[in-house]
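Residue numbers (our numbering): 2 to 119.
These are computed hints drawn from the structure, not numbers from a lab.
Ideal placement from N, C-alpha and C gives every residue a C-beta, glycine not left out.
Some hints could be false.
Straight line, CA to CA, 25 Å or less: simulated SDA-like cross-link-like pairs of lysine to any residue [said to hold, decoys possible]:
#1 K36 x G101
#2 K25 x A42
#3 K35 x V105
Here are the in silico distance ranges between beta carbons for each label pair [as the list claims (entries may be wrong)]:
#4 R60 x E87: 10 to 20 Å
#5 A28 x A79: 32 to 42 Å
#6 G46 x K17: 42 to 52 Å
#7 E74 x Y29: 33 to 43 Å
#8 I27 x L67: 32 to 42 Å
#9 D23 x G46: 24 to 34 Å
#10 M2 x G66: 13 to 23 Å
#11 T62 x I115: 20 to 30 Å
#12 A28 x S76: 35 to 45 Å
#13 D23 x P68: 15 to 25 Å
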Amino acid sequence: MTVTLYGIPNCDTVKKARIWLDSKGIAYVFHDFKKAGAPAALIDGWLTQVPWTTLLNTRGTTWRGLPETRRAEVSDAAGASSLMQEAPSLIKRPVLATGGAIHVGFSDAAYQDIFKPS
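Use the sequences and the hints to build the structure in full.
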């Protein structure tokens, strides 16, 4: 199974996810939003699996720093996707891709469930 972790290296939650994966010996590719961006096809693919309200981080400083008029424009998946392409730091982190499935955020329990032996 190919595992890709998407995020920003200095994000505390991404750091926790990376430490967890490393401690379990799980090989993964890290996709840095700051260096590689977040193309439309990637975000739109995620939005077929998770709601835009889950993927869009409305609790962070990037969201709070947007003008109210810009925030008001986000009322559906298309608006959220466009905004996340412009500012990938608005994507809730980390995003974990495992064999076609997408998981947003990190918790020890969730990752244990995702990687439980079959």
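(request) Provide an ascending list of the numbers of those earlier hints which the structure does not satisfy. (result) 2, 6, 10 and 13
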